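This is what each chain is made of:
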Amino acid sequence: MNPVRAVGRSSLGMLQTAGALTLFAGRGVAAALSPPVFLGQFLRQLGQIGYFSLPVVGLTAVFTGAALALNIYTGGGRFNAEQIMPQIVALGITRELGPVLAALMLAGRVSAAIAAEIGAMRATEHIDALQTLSTDPFRYLVAPRLLAAVLVLPLLTLVADIIGIAGGWSVAVASLGFNGSIYVKNTWDFLQAWDVGSGLIKASVFGFIVALMGCYHGYNASGGARGVGRATTHAVVSAAILIFAADYLLTSLFSHK
Amino acid sequence: MSAVPSIESPKLELKGVKKRFGSKVVLAGVDIPVARGRSLVIIGGSGQGKSVTLKIAIGLMRPDAGKVFVDGQDVTRLGGAGRRRLSSQFGMLFQGAALFDSLSVWENVAFRLTNADGVKRPEARERAVAALARVGLKSDVAALYPGELSGGMQKRVGLARAVVAEPAIIFFDEPTTGLDPINADVINDLIVEQVKRLGCTAVSITHDMASARKIGDEIAMLNDGHIVWRGPTSQIDNSGNPYVDQFIHGRATGPITGGV
Ligand SMILES: Nc1ncnc2c1ncn2[C@@H]1O[C@H](COP(=O)(O)OP(=O)(O)OP(=O)(O)O)[C@@H](O)[C@H]1O
Ligand SMILES: [Mg+2]
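Those sequence lines, one after another, are chains A and B. Residues 1 to 257, numbered by the working numbering, are exactly what the first sequence covers, in order. Residues 1 to 260, numbered by the working numbering, are exactly what the second sequence covers, in order.
Since the hints were derived computationally from the structure, they do not count as laboratory data. The model shown is predicted, which means the values in this text are computed figures rather than measured ones. Think of the CB as a built atom: it goes at the ideal place given N, C-alpha and C, for glycine as much as any other residue.
Distance ranges between label pairs, derived from CB positions:
1) A:S222 <-> B:D31: 25 to 35 Å
2) B:R121 <-> A:R5: 57 to 67 Å
3) A:A30 <-> B:S23: 31 to 41 Å
One chain only, chain A, in its complex shape (with noise of 0.2 Å):
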């Protein structure tokens, strides 16, 4: 084929995908925004994403924590600056690994669930049914899923960040010879507000990716079991990878500050 017609081709078909994604996405940010609230969905929802997911956000922070604070303590090393290792810690989990280690842990457990679980009632009929009920799709399995992945990635990244914190300090307290109540006190002196908000407001934009991806595949998934299993492999995929690029585009925009 030729080449540029190949390309042509390609690259309409990111264009469509990207325009079909924008709609979907605007149909379900106004679901969510104007009532009526499918309140018994979203209260499911924040459990099923949030509280089940504090584990794996939990254990993920832990080691994350206690491995960075080993190696900025041999890094810092070479510049005798092994001190400043509690502060560079808490900015690296504050800014950064909290909110995209939990925003990945969720691409894995959430995209994955949320795109498979309406992959299937797309397959088996039932998002037909819903609109045979008079009921619509967008407002009763999209918003909600939307809604709760926005609130709740913030609290998990929070926690993320206290632990991953508190595995760092209990690798330099057990291993590395720093003093505990140090330790918390130099953290504590130097972070700042805006080190843990910026974290907490890209975790809000990561969760939104993380349900609108798992949401749009599940929708549009087709062609039965295996068309579900794609679905859902995409969902976690192009999660994942529109979380690292919107990461990067918001630690820009915020390192302006």
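Put chain B with the ligands on the given structure of chain A with help from the hints.
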């Protein structure tokens, strides 16, 4: 017998409906008027577009060309609140019942009442239990979950959900597939009973001839994108139409070339 009877002010009408997927033409212009209070069954082989026809009639899919009328009103492009209002006079029994797994049986039956019509839960539950009783299910089934029911019971629950809000038009997608002959017959009887009780218009699709004979006042046959025959159920055996003859006798040879 003409494939398109002239019916004065039909309750539901598909006019010149065309639909294709990619290069595959599924509906090449079908006209299906359905008279008020009558039950039409559409038969046809696998992949002939029966489900697509039904989806277009209900508004789950848009035709490429042609129109859908309900009570003489063009509803082809109706969306949003207008579509939801229109859907409130529809009931539908899905092929796989399409019950929501995370909701109990009565919550499934009352779904439209609680989620779209704003009926309070105690009243919705009462109405759901009454609808379940009409399809022969006792009130202790109400609190179970769909996963705990057999296929036949799920179909009954789906039927209860379709009739609970007293629809003016009711659609059945292969109501008997996946059921043994006895349970299939029970479902057929329940369908006939409910349609008669509500006095509603019914459109069903099936390839089960026993079911078609039982629930249909009229039968239409869809083949190769066209309605090739339509007539009263009583005339199905003397249609003189080679497609119909081949289909009802299940012969491999004839004008219908399988391979779908
Ligand atoms: N959403 C869709 N996208 C692409 N093709 C579709 C879609 N829906 C239906 N088709 C195609 O349209 C044709 C008719 O499908 P339809 O489901 O209406 O057949 P059917 O008569 O109901 O068959 P069956 O008795 O097997 O259910 C099939 O070839 C099918 O592959
Ligand atoms: Mg079908």
